[in-house]
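Fit chains G, B and D to the given chain P structure using the hints.
4 protein chains.
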Amino acid sequence: MAVVLGYNQYGKAENRVVRVFRDRDPHEIVDYNVSAALSGGQEPVHLTGDNSPCLPTDTQKNTVYAFAAEDDIVAQPESFGIRLARHFVDNTEPITRARVKLEMYPWSRLNNPHAFIRDGRYVRTATVTYDGSTTWIVSGVKDLVLLKTTDSEFWGYIEDPYTTLQPTNDRIMATSLLAQWYHTSEDVDWGKSYDTVLSALLDTFADHHSLALQQTLYEMGSAVLAGQPQIAEIRFSAPNKHHFVYDLARFSLENNNEVFHADDRPYGLIEATVRRDDAPDPSLAFDPGQGW
Amino acid sequence: MAVVLGYNQYGKAENRVVRVFRDRDPHEIVDYNVSAALSGGQEPVHLTGDNSPCLPTDTQKNTVYAFAAEDDIVAQPESFGIRLARHFVDNTEPITRARVKLEMYPWSRLNNPHAFIRDGRYVRTATVTYDGSTTWIVSGVKDLVLLKTTDSEFWGYIEDPYTTLQPTNDRIMATSLLAQWYHTSEDVDWGKSYDTVLSALLDTFADHHSLALQQTLYEMGSAVLAGQPQIAEIRFSAPNKHHFVYDLARFSLENNNEVFHADDRPYGLIEATVRRDDAPDPSLAFDPGQGW
Amino acid sequence: MAVVLGYNQYGKAENRVVRVFRDRDPHEIVDYNVSAALSGGQEPVHLTGDNSPCLPTDTQKNTVYAFAAEDDIVAQPESFGIRLARHFVDNTEPITRARVKLEMYPWSRLNNPHAFIRDGRYVRTATVTYDGSTTWIVSGVKDLVLLKTTDSEFWGYIEDPYTTLQPTNDRIMATSLLAQWYHTSEDVDWGKSYDTVLSALLDTFADHHSLALQQTLYEMGSAVLAGQPQIAEIRFSAPNKHHFVYDLARFSLENNNEVFHADDRPYGLIEATVRRDDAPDPSLAFDPGQGW
Amino acid sequence: MAVVLGYNQYGKAENRVVRVFRDRDPHEIVDYNVSAALSGGQEPVHLTGDNSPCLPTDTQKNTVYAFAAEDDIVAQPESFGIRLARHFVDNTEPITRARVKLEMYPWSRLNNPHAFIRDGRYVRTATVTYDGSTTWIVSGVKDLVLLKTTDSEFWGYIEDPYTTLQPTNDRIMATSLLAQWYHTSEDVDWGKSYDTVLSALLDTFADHHSLALQQTLYEMGSAVLAGQPQIAEIRFSAPNKHHFVYDLARFSLENNNEVFHADDRPYGLIEATVRRDDAPDPSLAFDPGQGW
Chain P
131 MAVVLGYNQY
141 GKAENRVVRV
151 FRDRDPHEIV
161 DYNVSAALSG
171 GQEPVHLTGD
181 NSPCLPTDTQ
191 KNTVYAFAAE
201 DDIVAQPESF
211 GIRLARHFVD
221 NTEPITRARV
231 KLEMYPWSRL
241 NNPHAFIRDG
251 RYVRTATVTY
261 DGSTTWIVSG
271 VKDLVLLKTT
281 DSEFWGYIED
291 PYTTLQPTND
301 RIMATSLLAQ
311 WYHTSEDVDW
321 GKSYDTVLSA
331 LLDTFADHHS
341 LALQQTLYEM
351 GSAVLAGQPQ
361 IAEIRFSAPN
371 KHHFVYDLAR
381 FSLENNNEVF
391 HADDRPYGLI
401 EATVRRDDAP
411 DPSLAFDPGQ
421 GW
Chain G
131 MAVVLGYNQY
141 GKAENRVVRV
151 FRDRDPHEIV
161 DYNVSAALSG
171 GQEPVHLTGD
181 NSPCLPTDTQ
191 KNTVYAFAAE
201 DDIVAQPESF
211 GIRLARHFVD
221 NTEPITRARV
231 KLEMYPWSRL
241 NNPHAFIRDG
251 RYVRTATVTY
261 DGSTTWIVSG
271 VKDLVLLKTT
281 DSEFWGYIED
291 PYTTLQPTND
301 RIMATSLLAQ
311 WYHTSEDVDW
321 GKSYDTVLSA
331 LLDTFADHHS
341 LALQQTLYEM
351 GSAVLAGQPQ
361 IAEIRFSAPN
371 KHHFVYDLAR
381 FSLENNNEVF
391 HADDRPYGLI
401 EATVRRDDAP
411 DPSLAFDPGQ
421 GW
Chain B
131 MAVVLGYNQY
141 GKAENRVVRV
151 FRDRDPHEIV
161 DYNVSAALSG
171 GQEPVHLTGD
181 NSPCLPTDTQ
191 KNTVYAFAAE
201 DDIVAQPESF
211 GIRLARHFVD
221 NTEPITRARV
231 KLEMYPWSRL
241 NNPHAFIRDG
251 RYVRTATVTY
261 DGSTTWIVSG
271 VKDLVLLKTT
281 DSEFWGYIED
291 PYTTLQPTND
301 RIMATSLLAQ
311 WYHTSEDVDW
321 GKSYDTVLSA
331 LLDTFADHHS
341 LALQQTLYEM
351 GSAVLAGQPQ
361 IAEIRFSAPN
371 KHHFVYDLAR
381 FSLENNNEVF
391 HADDRPYGLI
401 EATVRRDDAP
411 DPSLAFDPGQ
421 GW
Chain D
131 MAVVLGYNQY
141 GKAENRVVRV
151 FRDRDPHEIV
161 DYNVSAALSG
171 GQEPVHLTGD
181 NSPCLPTDTQ
191 KNTVYAFAAE
201 DDIVAQPESF
211 GIRLARHFVD
221 NTEPITRARV
231 KLEMYPWSRL
241 NNPHAFIRDG
251 RYVRTATVTY
261 DGSTTWIVSG
271 VKDLVLLKTT
281 DSEFWGYIED
291 PYTTLQPTND
301 RIMATSLLAQ
311 WYHTSEDVDW
321 GKSYDTVLSA
331 LLDTFADHHS
341 LALQQTLYEM
351 GSAVLAGQPQ
361 IAEIRFSAPN
371 KHHFVYDLAR
381 FSLENNNEVF
391 HADDRPYGLI
401 EATVRRDDAP
411 DPSLAFDPGQ
421 GW
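Protein chains in written order, with my numbering: chain P, 131 to 422; chain G, 131 to 422; chain B, 131 to 422; chain D, 131 to 422.
Treat the hints as calculated values from the structure; they're not laboratory data.
Worth double-checking, as some hints may not be accurate.
[To be verified] Where chain G lies over chain B, by a calculated footprint (3+ residues, C-beta under 8 Å):
(1) 171 to 177
(2) 181 to 188
(3) 342 to 354
(4) 361 to 372
(5) 379 to 392
Keep in mind that this is a model prediction, so the values were computed, not measured.
For glycine and all other residues, C-beta sits at the position ideal for the given N, C-alpha and C.
Just chain P, with the same shape it has in the complex:
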């Protein structure tokens, strides 16, 4: 038996770069959290501490801020990520793969050309991966908190010895959505594409009569795919944020599904992929976390 180095990557995480477009009237801003991760040829670093193949994470940081000066690039997370990922691989011997993850925090304009309020409705995300020839582009949204007060049922499920849940024909359905979708083309207006996805998600969530959160997510994904042919698949992680009807009958009060306790933990967690049946394998597109 010998010990060997397996999957590895390294980078600078959570670079908090804010770019102001000061020569426009009104001013514009973009607000990012950028994480880079590189791999390729790093065995000497790990095995002997020979750093000759290592582009320091400090240098990666400088590069993120330097490229933020490029007007066209920095305006969208996808283009910013593409620029960075390709730079790291194409210009750094021996790096063979880069993954750049971006969070973009939306701001709304106040009634003034230079003032803004942070819009906390969601965080827009992008993950760009490049291996020297292929570029994988994933767009996403997270922390999108949605709730509907009716049009949600849950019944007809398996019963086993541990079942105590009562079926319901009318419950609150709420979630904090994380969604990521994979593009098979780069020929995309990223801002417009994002807005179109967001509308499809919100409209479908709102209008769908739900028999299960799973069903609603599938409808939401289908709507996203129907709207844009270059989106091959979408992946959801959706906590079922439980709202329990509070028992007020104990106090001789009616509670016609009106007073709820919003519970923290535990919570249901629904994860699902909706994809075209002819979609290509996403390969390296989605970050596997520690599931290397």
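The following block gives chains G, B and D in isolation, referenced to the frame of chain P:
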């Protein structure tokens, strides 16, 4: 020397109550985090474990959810807090004081009468304190993140042996505002009052040419007081969220105040009160934390 | 009516300073989060943006790191805070008051003279306030999570129309303790004093047969005061971290008080002061938050 | 083109179960956060809202608490996870795969047979995956914060146009370690195995003279594999928690590598696998997050 019990209060904190107004079209919701704290006559509990003067925190919780069934009361945090505080004191021997703190999370309607998106721009707050005769009402806002890209200077300050800061005539100014204001009357349309304060805060932040964050806060406070005679004073806690110009000259790139690093810690923290010169003493209105 | 400036202070918050004592064998470290807040003579800053009375928060930051080089001072949060607070007031016209709040993160030594593991059992705190003549010193602990599996009862409380809680003679009692205590002397070995308080808190929590969390806190406070004559009072904030017996009878399983759900929210919150009957007024010792 | 359901799983996340062993003297406790995720045959739920193949997440929750009553099972996260994962697949038509993730919070005994203090040095973890025939078992640790004051260098790296970092022969090295390791056998004393891994990690971190954090991690992984033949590989995610020397020369003070600013973001992030060259493919062992 003898040991004695000093200041004390007890209660149920962070009751997460959601109320749906289901008989309206479209539906409406309010979403609260309610914390109650009671005091008065609790010496036996502390000194000997005799719980006869103790209204359990579990009972306080039930009461919060029960009163959430009352339509007119629950719609505004101030009226919900008043109802609860007076109930606990007036109906519970030996309780002599109640303080109810409420956070209210705003939701926006989606394009559907039953569906909502959580609006993360701020959290609205209220603190109501009642001692059996006087009711103190404080409204507030927190997590209101604001940024202006220009119209902010900082220069002319004290220099001492530890000074290294350079003066500036043009910097980003950003903060995450916490504000609380004290009403001297209950005869208030709470929702309208809150909206008016919020507009005054946002408009003044946006339009004020700032020589110091302190000056901007004072202007914001003055605008709030000018708009509503029953608001006696307003208290601010405002972190100065530093945005540092990134040094790109090292890479032969210009940075005309356009590329910034948004730093986390440390941060400036400005705390200030703006009040009418004839305002009454706020007495118990503001929660002193552990500064009893 | 005129608008005036009320209570105000400003400073640099959360300076994360780590000091290594490198000339000792084995090495020692201290790890701090230091927040300074100054007040006095700041009207021109607020009213007109005239910063001539303002010592910038950036300078305060530099001072914190500079004084961390002083060996004897930096070793204990109380002495570090005293040094900083007196410097800011005594050497800065027109500052008349400084409050310095410190969090100290404990580390334990690994089996090596230069390596450490962060010990997450608690955070040690200090708050030092100085007004040019008097220095108030408060020590503290937070995030001290304690649990006892028995010797805790709760019964005999008030019943009202909203009561549903059942009395119990044997429950889990758990809390995450925040405690702050006020010293009436500076002639104290701060490290030894802290350790003595911590032992008194832990031993009393463990050994006390509790009829209410309030009673246990009072006993804990009494033990602290009994051990050190210069401690005039101690203030507790103690969430009652509820552990609910899970109903397993529905599955024909016994649960003799052995399987619990540890709930998040809501939670009881007990706040109490234990003090000597001849203790002086703590005046400015405890930070009032926004309860100025 | 047709739209289809891809990878999916669902379950109840973050069940906070505490088990007391009350018939032992002294008492013992285990404290868990358990998340279950099931998959198999869920197309009807997603496509039409037909819940007949769905074991509700509420039932999964009940099962977690019910099995916590089993003395031998619940004592170790690996055995608790195995029990749950096999139950869900073996007893629920049509479930074909279960993944159970557990966090275990350590407690230390106070000087009393019934009282405990939460030991915040780390969180122990386990992930168990079962597909009806194979059971994959991964153990882990997270939030293990380590620091060494010397014996860490970093030099000899790539320089490019964005390089500004200076090489160093003596720096602070600090990390908050996340590690997960995969067992190829179930015939393991889980508690003893965990303790052995933890010792190997701590001892190697402390004693290794480091030329790069990557090299230190590789050594730590090698030590873990050397100690236990059934551990096939270990995966690390290690932020490089930067401690920057504060420039005190500006104040005419020496700083011989003694006063540091502990920065928050950005941070280096090193991810690496150390494995036996004959290790089997870990297949489903490690949770891929959204990288399905």
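Against the structure, the hints come out as follows:
1. 171 to 177: Holds, because 4 residues of the stretch 171 to 177 of chain B bring their Cβ atoms closer than 8 Å to Cβ atoms of chain G.
2. 181 to 188: Coverage by chain G holds here, the residue count being 8 at a Cβ distance below 8 Å.
3. 342 to 354: n = 7 at 8 Å, threshold three: holds.
4. 361 to 372: Satisfied; 5 residues make the cut.
5. 379 to 392: Contact hint for the stretch 379 to 392 of chain B vs chain G: violated, 0 residues under 8 Å.
When each numbered hint is compared with the structure, a violation occurs for hint 5 only.
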